[in-house]
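Residue numbers (this note's numbering), protein chains in the order written: chain V, 1 to 360; chain G, 1001 to 1259.
If you're looking for bench data, these hints aren't it; they were derived computationally from the structure. Remember, predicted model here, so these are calculated numbers, not experimental data. Virtual Cβ for every residue (Gly too), placed ideally from N, Cα, C. The reader is advised that the hints may include incorrect statements.
Stated by the list, open to error - In silico contact screen, one side only, chain V against chain G (beta carbon under 10 Å); selected entries:
hint, residue
1, Asp216
2, Glu218
3, Arg221
4, Leu237
5, Arg240
6, Gly255
7, Val256
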Amino acid sequence: MDEAREKILKGAGGIPDREARRLSGGAVLALLGAALVLAVFGSFMLGRYPVSLGQLLGIIFHKLSFLNIEQTWTDTQAIAVLNVRLPRILLAVLVGACLSAAGAAYQGVFQNPMAAPDILGASAGAGFGAALAIFLGLGSVGVTAAAFGMSLVTVALVFFVSRRAKGERVMGLILAGIMISSLFQAGTSFIKLTADPTNKLPAITYWLMGSLVGADNEELRFVLWPMLLGLLPLLLLRWRLNVLTLGDSEARSLGVDAARLRPAVILCATLLTASSVSVSGMIGWVGLVIPHMMRRLTGSDYRYLMPASMLGGGGFLLLVDNLSRSLTSTEIPIGILTAFIGAPFFLLLITRRGEYNGRS
Amino acid sequence: MVEVKNLSFSYGERPVLSDISFRAEEGELLSVLGSNGVGKSTLFRCMLGLLPGYSGQVLIAGQDIENLSARKLARLAAYIPQTSSPAFNYSVEDIVLMGCSSGLGVFSSPGRAELARVDWALEKIGIAGLKKRCFHHLSGGERQLVIIARALAQNARVLMLDEPTASLDFGNQMLILSQIKALAAEGYTVIQTTHNPEQSYMFSDRILAIKDGRVLAQGSPRQVISQETLSLLYGADIRLSSLFGDRVRVCTPAFLADK
Chain V
1 MDEAREKILK GAGGIPDREA RRLSGGAVLA LLGAALVLAV FGSFMLGRYP
51 VSLGQLLGII FHKLSFLNIE QTWTDTQAIA VLNVRLPRIL LAVLVGACLS
101 AAGAAYQGVF QNPMAAPDIL GASAGAGFGA ALAIFLGLGS VGVTAAAFGM
151 SLVTVALVFF VSRRAKGERV MGLILAGIMI SSLFQAGTSF IKLTADPTNK
201 LPAITYWLMG SLVGADNEEL RFVLWPMLLG LLPLLLLRWR LNVLTLGDSE
251 ARSLGVDAAR LRPAVILCAT LLTASSVSVS GMIGWVGLVI PHMMRRLTGS
301 DYRYLMPASM LGGGGFLLLV DNLSRSLTST EIPIGILTAF IGAPFFLLLI
351 TRRGEYNGRS
Chain G
1001 MVEVKNLSFS YGERPVLSDI SFRAEEGELL SVLGSNGVGK STLFRCMLGL
1051 LPGYSGQVLI AGQDIENLSA RKLARLAAYI PQTSSPAFNY SVEDIVLMGC
1101 SSGLGVFSSP GRAELARVDW ALEKIGIAGL KKRCFHHLSG GERQLVIIAR
1151 ALAQNARVLM LDEPTASLDF GNQMLILSQI KALAAEGYTV IQTTHNPEQS
1201 YMFSDRILAI KDGRVLAQGS PRQVISQETL SLLYGADIRL SSLFGDRVRV
1251 CTPAFLADK
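Same shape as in the complex, but just chain V (with noise of 0.2 Å):
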């Protein structure tokens, strides 16, 4: 017995630890926090209106605080960096953050590593209310609200039709999920075939594939809250993410009513891929990718895996899109760049010797 219990206090015989991780979790936090402020300064700087360091400093620090700062940069400047690249890369940065705290959080929910922020039908709802705002002639705003509500009410059908699934509750969520993204995607392919084929049907073509062109602070304004709404309650939420990621039994065996925690999270989670889609279009990969890369500098703690997932998801998609539109003179949708950065990159993470964290 003693002699058993002695094998395994020395994990004798066991694969030799390689998950001694050479920075903690806090250091990780702090690392991606300052690339992140970085890359949102470097960010400014770029684009057809040069702008020194100095020049953005003064025109934000003048903006902020009235203070009486010698103007050095012009007024073409000032409206570029406040009224153009301000509201794109805070656009950036949230709906990055916004799509992989999403994906995390459905990945712990259901237990599953490869749910995505589109699980439950929000991306395809988001897409058939714009699709149809654009096909009635709405404006820029219209087409942001249609999409936003239209993904609401998508993941509220499957919620509501998933309670009354016989079988187990998760499963039914997924199928639900499945089976009505799938009807409304049907119903985007209806409006574009009807759609006029000179100006509607391109409009509704470039909004699918996800962009960021074109964002202002109107559309800021729209979408802040709902993500900040959204993004809170899952910071505060993180470390219980662990237990339900155990399955419900187990959770609530351990004191965590998962029936009354999974739907809060699950709203939280659905809340801020509604409000991404409805400014930015669809965005593959970035919440399914993101909480993967994150997961293997963090380990599977949502303590430390929530906050980078939104550190890192802000960072990457800011970098995505500085590219989308930087790389050549007119703009690659970043929908299209996220999915030919984020698939060989996922490839490569699988495919990659040594352990993939998650299910092992």
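Place chain G on chain V using the hints.
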């Protein structure tokens, strides 16, 4: 202390448990025996508050669990599932830390006190060396010990184990059983389900045998582990032999023994 009074449960029309009554005292290891599908797991699920809609009463530490929230119940009784395979790879420390959930507010994260409790639980089970290991890389026996440590970190005095040795080799079976026996001796109330009558004879203080959802026999191992009871319980003709001054009883099918 656990007391189950006249517990009955049916899935729709099909009765699974009828009129089950038993007690498990502090400092006692109670083994629940029964053939496959006899309702052992259902019994556990009722006792853990996972299956509402049973009739009868389950009292843990004198409290009717029907009126208890998940959080309060978790402070009284801890559950050790047969196998635990989290979808994501957590460190042993993280897994055991989850045992502290019931003592923490919804929005809070564990702090110094909880980390100390994890160290205490790992130390107590004798697996402090596993603390930084990945749960997915552990062997079955090691995983089972980690989950037992998690149950200890939960600070509950009742431990419920669902076939804790089902998928383990002989050495690990003995390791786990002696460990839970030691916990019982320390004052925990330990209830396990098992498919192994010989082991339950060696290690239990009391045995509950369930057949067709009813109590077939209950009492001391010497009373319950008999040729007649086991033959009835498993629907197979069984011969018992006593070894080592009746400290061990071995089951053999009659067609082999009577040759």
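For each hint, the structure was consulted:
no.: 1; hint: Asp216; result: violated (35 Å)
no.: 2; hint: Glu218; result: violated (33 Å)
no.: 3; hint: Arg221; result: violated (28 Å)
no.: 4; hint: Leu237; result: holds (7 Å)
no.: 5; hint: Arg240; result: holds (7 Å)
no.: 6; hint: Gly255; result: holds (3 Å)
no.: 7; hint: Val256; result: holds (5 Å)
Hint compliance for this structure: hints 1, 2 and 3 are not met, and every other hint is.
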